[in-house]
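**Student:** Residue numbers (this note's numbering), protein chains in the order written: chain A, 5 to 237; chain B, 420 to 862.
The hints are simulated quantities; they were obtained by calculation from the structure and are not laboratory data. All C-beta atoms, glycine included, are put in the ideal place defined by N, C-alpha and C. Hints may be right or wrong, so weigh each one.
Stated by the list, open to error - Selected chain B positions facing chain A (in silico; Cβ < 10 Å): (1) Met574; (2) Asn699; (3) Tyr833.
As the list claims (entries may be wrong) - SDA-like, lysine to any residue: derived pairs with alpha carbons at most 20 Å apart: (4) Lys855(B) / Pro8(A); (5) Lys837(B) / Met5(A); (6) Lys856(B) / Arg13(A); (7) Lys79(A) / Glu119(A); (8) Lys837(B) / Asp11(A).
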Amino acid sequence: MQNPFDDFRNHRTREREIPLDSIIQSRDRVMSQITKGYEKLLEEEVKELVWLVQYNTVIKAYTLAEKVVKEFEYKAEDIEEFCYELDSTDKIPYLITGPAGIYISALCNYAQEEEIILKLNDLKTQINLLGYRLPVGKKVAVEGNLGDFTGIGMEGGELVVEGNAKNYTGAGMKSGIVRISKNIGLHTGEWMMGGEIFVGGRVRGLGKIVDGKVYEDDKVIYPRNYRQSNAYY
Amino acid sequence: MTQDHYREKIRGIHDFIKENLYFNRPDLEIKGETFNSALILSLLTGLNRGKELIIGEPGLGKTTSAEYVGSLLYRIPIGLIWGSEVSGHPEQTEEKIIGRPDLGKLNRGTEEVVWSHFAQIPVKIVDEINRLPETKQSMILDGVDRGNWEYLNEMIINEEYCLFATANYQDRGTNTIIAPMIDRFDVVVESRHPGPNIAYLVGKFNEKDRILRNSKAEKSLQKIFKSKLSYQTKLRQMEEICDGYGEFLKKKLGIETVGLQDRKAIHAKISRLELDLDANAFTRMLLAELSFCYKYGQKRSIENCEEGCHFTGYLCHDLRNCASNRLPTSIKTYSQALAWLIGDAEVGVEHIKAVMPYTLAHRMQWKEEYLSNKEKEKRDNPFQIYLAKDAVRGVFNRYGEQSEHLKNALAVGYRVFKGEDLEPVDGDHPVYFEIKKDLGMEG
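Kindly produce the complete structure, drawing on both the sequences and the hints.
**Tutor:** Right, dumping it as C-alpha cells:
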C-alpha cells in the first residue's frame, strides 16, 4: 500500500516556539546550573555521605557555596523550585539537609532580590541551616516548617517562618530578626551574639545566649532570667 | 495560451456576471479579495466539473446565476440551457430527464434511445431538486455522480460536465434530498438577498439575461442534440457552434470566453496544484474529527457517543454521521480551483478554509442537542452553513495550537511506515490516534 504520509517525507521537524517554551527552557537552564553547583558542593564536602554540623565544616561549605552561586544568574523563584527539585530524589542524587541548607542560604544571600519568598509547605523534608549568614537588608519569608539551625550566624536581615522550626534556631546569630509563627525546639539562640527572635507559639528551650532578645508570644523570655537554659516547660 | 491568459479570461467572465447579470454583496474574503460566495462557487463548479447545490428563497437568483455561469464558461447560448433544464416536480419521469425510446423506430421493432437535452448538455441544471420525489432522485444518482446516463441498453458518458441543482427551503411541496444524493454535491451555497439597494438595481435591468441569447446558435445546437449522430460526433459539432457563440459574445459584449481545449488546459493545471503541508495537515485533522470514534473504531450514524468520552471537545461528539470519501475530493478540487483563480502557485490553508464550510455544510448531520444549543445564536448565514463555518473555525484553532506537532507526527508516521524503528508521536487529538492505526498500532 502507498505510504499515507508520503507528502511529509521531506518535512523537517520545527516545533513552533511559543513564549512559554522559551520561559521553560530558560528555567531549565538555570535549574541545571543551580543543580550542578549543588552537586559540586556535595562532591567537595560529602565524600562519605556523612556531614556533621561543625563550625569549620559549615564555614568551609558556605565558602564553596558562595563561590559556586556567584557563577550564574538566577531569580528568587528559582530558589524555591530548587528546594522542590531537591525533594524529588530522582533528579538530584543526594538530599543532605545540612549542605542543602547552606547552599540554599548562599542562594538567598546572593540573590538580586531583596525579598525572597519560599513556599515550602509541600516539601517532604525539612531543610536545616536556612538563613545562614543572612545579610543586612535581606528578607527571607518561608511558608512551611524548617529543621535545625534555622537562621544561624545571621548577620542582619529578617527571616520569617510561617510554621515551626526545630532546635538551635538563631544559634550564633549576630544581628537581624528571626520570626517563627509557630513553635521552636531546644537550644534556641545558642551562642547568639545579637538580634531578636520572635516566636508566635512556644519555645521548648533556650540555649546559652550571649546577647540578643527572644520573645515568646510578644513576651520577652530572654534576657529575663526566669527561664533556665534547656529547661523544658 | 498561458495560464495567466486563461485566468484573465475567467476573471473577465466573473467580473462581467458580477457587473451586469448577478448583483449581490460580497460575502467571502480570501487573501484580501472579496467575492460573492454563490457566484465564485458556481464558477469554480464550472471549472472543476463539480456539482453544486444552490439554496435560497424563491426569486433570489439561484437558477439564473447558474445559467449565467454555465452559459459563459461553456459557451452555450442561454436559451439552450433553459431548454435543457430539469425541473423538480412530482410528475417528473425518467423519460423526461434521461431519454425515451424512439417510438417510430420502436413501432418498426428497433430499440433506439432519444436522449434528453439534459443528458447531453455539459451544463446540467436541476431546478428545485427537492421537489423531485425521493424515488425519482435515485434515478439520476449515477448520472449525477459519474456522468453515465443509461436508458434501455444504451449509455452515454459525459466527459466534461458540471451540475447545478437548486433547492428552496422546506415547504409543503418539498421532499428531503436523499442522503446519497446530497453527498454527491461537492458544495452547497446560498444565493442570498442582495439587500434593498442592490435589489433595486436588479429591478432596473429586466432584460439582462436576453443579452446571452443567440437564437441561431440555439437552433443549431438543438438540431444537433436531436440528431441520430453518435454522442462523440455531436460533441465535436457542438463545439464548433459554441466557438461561434464565443465569437458572438466577444463581438457583442466584449467578453472573452474559453473553448473546450482551453477548459481542458485549465482543468489540468488546477488538478496539478499541490496542497502545501499546512493545508494537507489541516485537512487531515478535520477529517479525523469527522470520522473518529475511540469507542467504536469509527463514526457511525447508528451508534451513539459514550457518556463521559474523552473526545467531547471535537466535532465527532456533536455529529451523528461519518464523513464520506467524497468530502476530501471536494475540499481538494475546490481549493485548488480557488488557488488557481487567485493566481497562487499552491493551495494553502487560506484556500482550504474558504471552501471547506461549503463542502461540509450539507454533509454534516448534527445531533439534536447540538442543534438546539446553536439554533438561536446570531448569524449571517443559513443554519447549516453557519454551523459548518463555526466547525471549521474550531478545527482551525485547534490546528493553530499544534500545527508543527501534527506535521511532525505525520513526518514520523512516514518514517515508521517505511520501517524505521521510531515511536509515533502522541497527541491529544483524534488525528494522532488515526496515525497510529495506519501504522498498525492500536490507536
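**Student:** Hints first: check each against the structure and report whether it holds.
**Tutor:** For each hint, the structure was consulted:
no.	hint	in the structure
1	Met574	violated, 32 Å
2	Asn699	holds, 5 Å
3	Tyr833	holds, 4 Å
4	Lys855(B) / Pro8(A)	holds, 12 Å
5	Lys837(B) / Met5(A)	holds, 11 Å
6	Lys856(B) / Arg13(A)	holds, 19 Å
7	Lys79(A) / Glu119(A)	holds, 11 Å
8	Lys837(B) / Asp11(A)	holds, 13 Å
Consistency with the previously given hints fails for number 1 only.
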